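Here the sequence shown is numbered in the numbering used here, starting from 173 and rising by one per residue.
Since the hints were made in silico from the structure, they are not lab data. Accuracy of the hints is not assured; some may be wrong.
Unchecked claim - Simulated restraints, written as ranges between beta carbons of each label pair:
1. Thr212 / Glu327: 17 to 25 angstroms
2. Met173 / Pro204: 22 to 30 angstroms
3. Gln196 / Gly259: 30 to 38 angstroms
4. Arg252 / Thr306: 21 to 29 angstroms
5. Thr180 / Thr306: 28 to 36 angstroms
6. Glu222 / Thr318: 30 to 38 angstroms
7. Gly239 / Glu178: 14 to 22 angstroms
8. Leu344 / Pro204: 39 to 47 angstroms
9. Gln205 / Gly239: 12 to 20 angstroms
10. Gly276 / Arg221: 38 to 46 angstroms
11. Phe224 / Ala291: 18 to 26 angstroms
12. Pro270 / Glu214: 13 to 21 angstroms
13. Met173 / Pro270: 19 to 27 angstroms
14. Ala210 / Gly316: 31 to 39 angstroms
Since the structure is predicted, the reported quantities are computational estimates derived from the model, not experimental observations. The beta carbon of each residue, even a glycine, is placed where N, CA and C say it ideally should be.
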Amino acid sequence: MLRVREMTEADIEAVAAIRVRGWQFAYAGLMPQAYLDAMTVEEDAERRREHFARGRLAADNLVAERGGSVVGWSCTGPCRDEDAEPGDGELYALYVRPDQVATGVGRALLTESVRRATARGHAHLRLWVLQGNTRARRFYESAGFTPDGAEEPYEVDGIPVPELRYALPLPLPLPQGTHRQ
Numbered sequence: 173m174l175r176v177r178e179m180t181e182a183d184i185e186a187v188a189a190i191r192v193r194g195w196q197f198a199y200a201g202l203m204p205q206a207y208l209d210a211m212t213v214e215e216d217a218e219r220r221r222e223h224f225a226r227g228r229l230a231a232d233n234l235v236a237e238r239g240g241s242v243v244g245w246s247c248t249g250p251c252r253d254e255d256a257e258p259g260d261g262e263l264y265a266l267y268v269r270p271d272q273v274a275t276g277v278g279r280a281l282l283t284e285s286v287r288r289a290t291a292r293g294h295a296h297l298r299l300w301v302l303q304g305n306t307r308a309r310r311f312y313e314s315a316g317f318t319p320d321g322a323e324e325p326y327e328v329d330g331i332p333v334p335e336l337r338y339a340l341p342l343p344l345p346l347p348q349g350t351h352r353q
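All chains should be built: construct the whole structure from the sequences, respecting the hints.
Pasting the structure below:
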């Protein structure tokens, strides 16, 4: 049984582990290995605690649980890009524990993230993905995201790892008490 819920402070260590292991799994061969090897759950957990303490009310931090264990995390909020339209949302992060990839965890988190972005009234949901991350690109494309032409010349330890921006148009939220037919 898979359950998606709001992240709590008690989830910080699990989310940090998912993020670090997710980077090490997804970005192997795309980023310098020494950089990936140097990532620690402890440092990431400290950053998560700082973000959590600031209480980013505009962001939705979600976790996916299976069998009582946190197996995935996503975070959405207002789009940070200078060229974004007012009201656009952004999927800042979506990571799944490597042993849970292709089990529906990512899809469940993305579905709930899109639902919440729609409920917040966002017209589009944007995200950045490494150009070479074909697995992630296929995942987002299968969910209806398409490249919108924006590129970012991201670098890690002096090595270029370019990113592409994807976008998904969102439906207008229904007025309270209204249901789709």
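Hint check results:
With their beta carbons about 21 angstroms apart, Thr212 and Glu327 fall inside the hinted range of 17 to 25 angstroms. Range check, Met173 to Pro204: Cβ separation about 39 angstroms, and the 22 to 30 angstroms hint is violated. At roughly 35 angstroms, the beta-carbon separation of Gln196 and Gly259 lies within the given 30 to 38 angstroms, and the hint holds. The hinted range of 21 to 29 angstroms is satisfied by Arg252 and Thr306, whose Cβ atoms lie roughly 25 angstroms apart.
The supplied range of 28 to 36 angstroms is met by Thr180 and Thr306, whose beta-carbon atoms lie about 34 angstroms from each other. Distance hint check: the CB atoms of Glu222 and Thr318 are about 34 angstroms apart, consistent with the given range 30 to 38 angstroms. Separated by about 19 angstroms at the C-beta atoms, Gly239 and Glu178 satisfy the suggested range of 14 to 22 angstroms. Take Leu344 and Pro204: their Cβ atoms lie about 43 angstroms apart, and the range 39 to 47 angstroms holds.
Restraint check, Gln205 to Gly239: a C-beta distance of roughly 32 angstroms breaks the suggested window 12 to 20 angstroms. Between Gly276 and Arg221 the CB atoms are about 29 angstroms apart, so this pair departs from the stated range of 38 to 46 angstroms. Range check, Phe224 to Ala291: Cβ separation about 22 angstroms, and the 18 to 26 angstroms hint holds. A beta carbon spacing of about 19 angstroms between Pro270 and Glu214 agrees with the range 13 to 21 angstroms that was offered as a hint.
Checked against the hint of 19 to 27 angstroms, the C-beta distance between Met173 and Pro270 comes to roughly 21 angstroms, which is consistent with it. Between Ala210 and Gly316, the C-beta spacing of about 36 angstroms keeps the proposed range 31 to 39 angstroms intact.
Hint compliance for this structure: hints 2, 9 and 10 are broken, all remaining hints hold.
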